[in-house]
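Got chain A sorted already, so can you dock chain B onto it with the hints?
There are 2 protein chains.
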Amino acid sequence: MQKAIVLFGHGARDPQWADPMKKLQAMLMDQLPHVNVELAFLELMAPSLPDTVDCMVQGGVKHIQVVPIFFGKGGHLKNDFPVLMAQMKEKHPQVHLEATSAVGQWDAVWQAIARQIVQQSQ
Amino acid sequence: MQKAIVLFGHGARDPQWADPMKKLQAMLMDQLPHVNVELAFLELMAPSLPDTVDCMVQGGVKHIQVVPIFFGKGGHLKNDFPVLMAQMKEKHPQVHLEATSAVGQWDAVWQAIARQIVQQSQ
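These protein sequence lines are chains A and B, in that order.
Each residue of the first sequence is one higher than the one before, counting from 1 in our numbering.
Each residue of the second sequence is one higher than the one before, counting from 123 in our numbering.
With the rest of the complex left out, here is chain A (with noise of 0.2 Å):
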């Protein structure tokens, strides 16, 4: 497997949170059989971002596209994240590390929520 996605959301205290991350990491690995999907978090829960991208190069991927799972620009994105990929950048030159821009960016996903509460308001 040279390729992989890493699903980076923000963590919580309550396991079921991650939930809708499993879903999506499966929905992905039926559609991209030959890519490895697996999660990472910013904190509360585990594993963390490095600690996966650490695995993943350790298991022989050679490019790594990770996806941050955030709903707004704020601190955590223009400071955590940023710094944390340097970093793994840093460790793993040999590897092609890069991030999209968070889901909250995608004008899809937006489009899907309005859908969905115009569909529930009538």
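No wet-lab data here; the hints were simulated from the structure.
Just so we're clear, the structure is a prediction, and the values are computed from it rather than from any experiment.
Accuracy of the hints is not assured; some may be wrong.
As the list claims (entries may be wrong) - What follows is a set of in silico ranges between Cβ atoms, one per label pair, in the way DEER data are often shown:
1) GLY181/B <-> PRO15/A: 37 to 43 Å
2) ALA26/A <-> LYS200/B: 42 to 48 Å
3) GLN209/B <-> GLN2/A: 37 to 43 Å
4) GLN153/B <-> GLU90/A: 43 to 49 Å
5) GLN209/B <-> LYS62/A: 51 to 57 Å
Beta carbons: idealized from backbone N, C-alpha and C, even for Gly.
Just chain B, lined up with the frame of chain A:
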């Protein structure tokens, strides 16, 4: 304006964090011109959910639908949110106040996210 929707998010220190929620608000105001759509936050940002609901009730709104803009079902949705809803219902018994499930429970949202990730991975 007798009907209203409150987009209820977590909140953050960085004002830019709320931008996608404001975009959703604009989309909904466009698609539901007869519904009052406002934002409210659990913490770190104003207005709070009770303040927004109080204002709406003062403005004559009779039906309020709260949409939690949260990905996961953790302590905020399991504990904080039901307490807020119960307090508001007690304070405004004449108003029909209801909540949808959180957007993170909606399959269409995760399908939209998966679709984008798959497109970006190919």
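Handout entry: Outcome for the supplied range 37 to 43 Å, where the beta carbon pair is GLN209/B and GLN2/A
Key = Between GLN209/B and GLN2/A, where Cβ atoms are some 53 Å apart, the hint is violated.
Problem - Hint check for GLU90/A and GLN153/B - Cβ pair distance inside 43 to 49 Å - result: holds, 46 Å
Exercise for the section: May I ask you to test the hint 37 to 43 Å on the CB atoms belonging to GLY181/B and PRO15/A? Expected result: Hint holds: Cβ distance 41 Å, inside 37 to 43 Å.
Practice task
Please test the hint of 42 to 48 Å on the beta carbon pair from ALA26/A and LYS200/B.
Solution key: violated, 23 Å
Exercise for the section: With 51 to 57 Å as the target window, see if GLN209/B and LYS62/A comply at their CB atoms. Expected result: holds, 53 Å
Of the hints listed earlier, those the structure fails to meet are numbers 2 and 3, in rising order.
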